[in-house]
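S.K.: Top to bottom, those sequences are chains A and Y. Under the numbering used here, think of the first position of the first sequence as 931, with each following residue one higher. Under the numbering used here, think of the first position of the second sequence as 12, with each following residue one higher.
To be clear, the hints were calculated from the coordinates, so they are not data collected in a lab. Note that beta-carbon positions come from the ideal geometry of N, C-alpha and C, so glycine has one too. Possibly wrong hints are sitting among the right ones.
Using C-beta positions, here's what the derived DEER-type ranges look like [claimed, not checked]:
id, chain 1, residue 1, chain 2, residue 2, range
1, Y, P368, A, L1074, 28 to 38 Å
2, A, W1172, Y, D244, 48 to 58 Å
3, A, T1009, Y, E87, 20 to 30 Å
4, A, L1074, Y, E87, 31 to 41 Å
5, Y, A269, A, L1033, 33 to 43 Å
6, Y, D132, A, S1025, 38 to 48 Å
7, A, E1011, Y, A365, 48 to 58 Å
8, Y, S103, A, P1079, 25 to 35 Å
9, A, L1074, Y, P289, 36 to 46 Å
10, A, W973, Y, S93, 35 to 45 Å
11, A, V1017, Y, E87, 32 to 42 Å
12, Y, G197, A, S1025, 47 to 57 Å
Keeping only pairs whose Cα atoms sit at most 27 Å apart, straight-line, the calculated BS3-like set for lysine-lysine is [said to hold, decoys possible]:
id, chain 1, residue 1, chain 2, residue 2
13, A, K1192, Y, K92
14, A, K993, Y, K92
15, Y, K97, A, K993
16, A, K1093, Y, K188
17, A, K1192, Y, K397
18, Y, K170, A, K1093
19, Y, K97, A, K1192
20, Y, K271, A, K1093
21, Y, K193, A, K1093
22, Y, K105, A, K1093
23, A, K993, Y, K105
24, Y, K247, A, K1093
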Amino acid sequence: MSLTTDVSRTASRPGTGTSRSGGGEAQASRRRTRMRRERIFQWLFLVPAVVYMALFFGYPVVKNVVMSFQDYTTATFFTGEAPWVGVANYATVLSSSLFSTSLLNTALFTLGSILGQFVIGLALAVFFQRKFPLNGILRSLLLLPWLLPLIVSSAVWRWILDKDSGALNRFLGDLGIIHTGVPWLTSTSLALIAVVGVNIWIGIPFNLTILYGGLQEIPDELYEAGSLDGATGWKAFRHITWPMLRPVVSVVLVLGVVYTLKVLDIILGLTNGGPANSTQTIATQSYDLSFHEFKFGEGAALGNVLVVISLVFAVLYLRASRRAVDE
Amino acid sequence: MKSARRTTRPLALATATLLGLPLFISACGATPAASSSENVTEISVMDYYNNEPDKSFIGDALTSCGTKAGVTIKRETVPGKSLISKVLQQSSSKTLPDVLMLDNPDLQQIAATGALAPLSDFKVSTENFAEGVLSAGTYKDKVYGLAPTVNTIALFYNKDILSKAGVTPPTTWDELKAAAAKLTAGDQYGLAFDANPTYEGTWQFLPFMWSNGGDEKKIDTPETEQALQLWTDLVKDGSVSSSALNWTQADVKDQFMAGKAAMMVNGPWQIPSLDKQPSLHYGVVKIPVREAGQTAAAPLGGEVWTVPQTGNKARQAKAAEVVACMNSDEHQLSMAKARNTIPSKTTLAEKFAAENPKLATFTELIKTAKARTGELGEEWPGQATKIYTAIQAALTGKASPADALKQAQGQ
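So here's chain A without its partners, still in its complex pose (with noise of 0.2 Å):
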């Protein structure tokens, strides 16, 4: 903090100069000297900030790339050495009959996710924008899935979702819906279902959190004016919070998309991408060709395939953001 301020002291001083005395060479020699410095001191101020992008974001995506065109195996750990191999992963990965299952079921648990944790996170939000009691209680611990390590969120719904003895089952089964257990995370057709109504709870409070914030921003006056026109209720969400909230929804959508794009844990927590690979989606694919395959220059090209898709969804968000300064 006290670096900023001094700074802006000194920056502020050549004006104040300039005013007291007029004109002359030194004079003019003399605030070029500053001037530079002062550049010097923006791009110093700029160093560490570019030294630790360089270090931990454009390193590791700059290998990433350069591994997935080479032939990077076990062996190349101890010799260092990985030929090239040109786009033979890619080509290798993209038409393996894995691919097309897994990029399915990566849009539709994206999709599946960001849906239902919107649209709850949204009516949660709208629903605490009321006052009632314990109503600070009841937001504070809606957060809890998003405290608890997915490790953990993850063995505890797998046992939830057990087909034997899992909670849901009983419950379901006490109240006379079904006779038999539904096997939740071993039949090809709910596995996918099951496993993106995990992610929905766990992603429902990040969703509360932010759009609650949003609906906080939105100046009661609008709802005012807006009642004695007559929208109330529905109205007045259609006509006035959703265009309000809109910024906050784009931020909303896109962060979620990335973060549920390369979500890793919660799959291989509750099924490892079964059965029969209905769970598999690119990010866990990834993972079993790097980790447990050992190839790991096919790994990083799949990983590269999904920081791609990735990439997309950021450009949006950015050109998203940037139109809505523009208006």
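On the provided structure of chain A, position chain Y as indicated by the hints.
M.R.: Using the frame of chain A, we list chain Y on its own:
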């Protein structure tokens, strides 16, 4: 300007720290190059026995072997799942430990990188070891790792449930199917095994596949198909819960202990847990074969001890002494008894089985146990993936066993 100058110092310091940090980190990682004539007083060991009681059993054996070799042991235990990534990381930064433990199916993979030294370089004896144990430790005709104790899987059965139903432990597949069907009632399944989409699922399937003459190199054969048909039938009849598709071996043990499975496919490492429940009376038999007359087959499990190429001959020699000592008769017997595993030397089998009747079936199986990497070497992970892919496709009903195997083999 005074204030500006004041700001430069912390700024320069911060910049220098940030730029210098990687250098500092890499300096920490580098091992000082030591001459081979130095007097070795300490060697480093890495293994994945990070849970008690195994951690202490292995630790005690290492300490005693260290004392014998005149060195102190600096031991690091890492979780099983992160061992391989740790080894790869260390082999690229040239900081491998002097003695390294590996799970046996990983040995050829690591030996192929050149990171390990052949044990023959240090005259470590490989006599009397079971054939499967040596083949697991061998890469390109050289032995790189030796396992003091090993394990495999067999069929556990609940004596009380079987005798109440009047069922004798099955020896053939037909008997297994009949017994499992008869033992399935209400909440209780006849049998539990692990068919999950990991190498564990493959490992559990191997005894069925191998005893019927199936070959991991080419899985779309009638022999392997018959084995997969058996598993599919068991799940289809409801004798095995379809949850097997997602169970680990620990889950299978839990089902068995809770009385929800009358029989299970599992290994001797579960015995300590099973014995904690005195009301549970269980027996162990070999996994049934398709026809009487076929021999039961057992996949070999267990960890091998190796000497990495650290570039320091004196330390490597000491490390080899420790590995040899860990594999001595005395340590094999004591570790096997303590850890409910089987000594890997066939010469010790008879004595061991007599002293530990609970492990007799496993001891018998180990004599002919096969290493997973025995035939395929470093190609094993790829083929193991195909096997569990086929199992999952068949057991979920996505494909018939024959089609599932054909599709997986063609992948």
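S.K.: Now look at each hint and say whether the structure bears it out.
M.R.: How the hints compare with the structure:
Taking the beta carbon of each, P368(Y) and L1074(A) are about 50 Å apart, not inside 28 to 38 Å as hinted. Between W1172(A) and D244(Y) the beta carbons are some 56 Å apart, a value that agrees with the proposed interval 48 to 58 Å. Distance hint check: the CB atoms of T1009(A) and E87(Y) are about 24 Å apart, consistent with the given range 20 to 30 Å. The beta-carbon spacing between L1074(A) and E87(Y), approximately 36 Å, falls within the hinted interval of 31 to 41 Å.
Taking 33 to 43 Å as the suggested C-beta distance range, the pair A269(Y) and L1033(A) conforms, at roughly 40 Å. Here the CB-CB span from D132(Y) to S1025(A) is close to 44 Å, well matched to the stated 38 to 48 Å. Here the CB-CB span from E1011(A) to A365(Y) is close to 52 Å, well matched to the stated 48 to 58 Å. Checking the proposed 25 to 35 Å range against S103(Y) and P1079(A) shows it holds: the Cβ atoms sit about 29 Å from each other.
With their beta carbons about 39 Å apart, L1074(A) and P289(Y) fall inside the hinted range of 36 to 46 Å. Separation of W973(A) from S93(Y) is about 41 Å and conforms to the stated range, judged on CB atoms against 35 to 45 Å. At about 40 Å, the beta-carbon gap between V1017(A) and E87(Y) stays in the expected band of 32 to 42 Å. As the Cβ distance of G197(Y) to S1025(A) is approximately 49 Å, the hint placing it in 47 to 57 Å holds.
Straight-line distance between C-alpha atoms of K1192(A) and K92(Y) comes to about 21 Å, which keeps the hinted pair within the 27 Å bound. The suggested pairing of K993(A) with K92(Y) holds, with an alpha-carbon distance near 24 Å, which does not exceed 27 Å. A C-alpha spacing of about 19 Å is found between K97(Y) and K993(A), which places the hinted pair at or below 27 Å, so the restraint holds. Our distance criterion of 27 Å between C-alpha atoms is met by K1093(A) and K188(Y), whose separation comes to about 22 Å.
At roughly 25 Å between alpha-carbon atoms, K1192(A) and K397(Y) fall within 27 Å of each other, so this suggested pair holds. Between K170(Y) and K1093(A) the alpha-carbon distance is near 26 Å, which keeps this suggested pair within the 27 Å criterion. A C-alpha spacing of about 23 Å is found between K97(Y) and K1192(A), which places the hinted pair at or below 27 Å, so the restraint holds. Of the supplied pair hints, the one linking K271(Y) and K1093(A) holds, its CA atoms being roughly 13 Å apart against a limit of 27 Å.
For a cut-off of 27 Å, the pair hint linking K193(Y) to K1093(A) stands: about 21 Å separates their Cα positions. At roughly 48 Å between alpha-carbon atoms, K105(Y) and K1093(A) are farther apart than 27 Å, so this suggested pair is violated. Distance restraint check for K993(A) and K105(Y): the Cα-Cα separation of roughly 20 Å lies within the 27 Å cut-off, and the hinted pair is therefore satisfied. For the given pair, K247(Y) sits about 15 Å from K1093(A) by alpha-carbon distance, which is consistent with the 27 Å threshold.
In terms of the numbered hints stated before, the structure departs from hints 1, 22, listed from lowest to highest.
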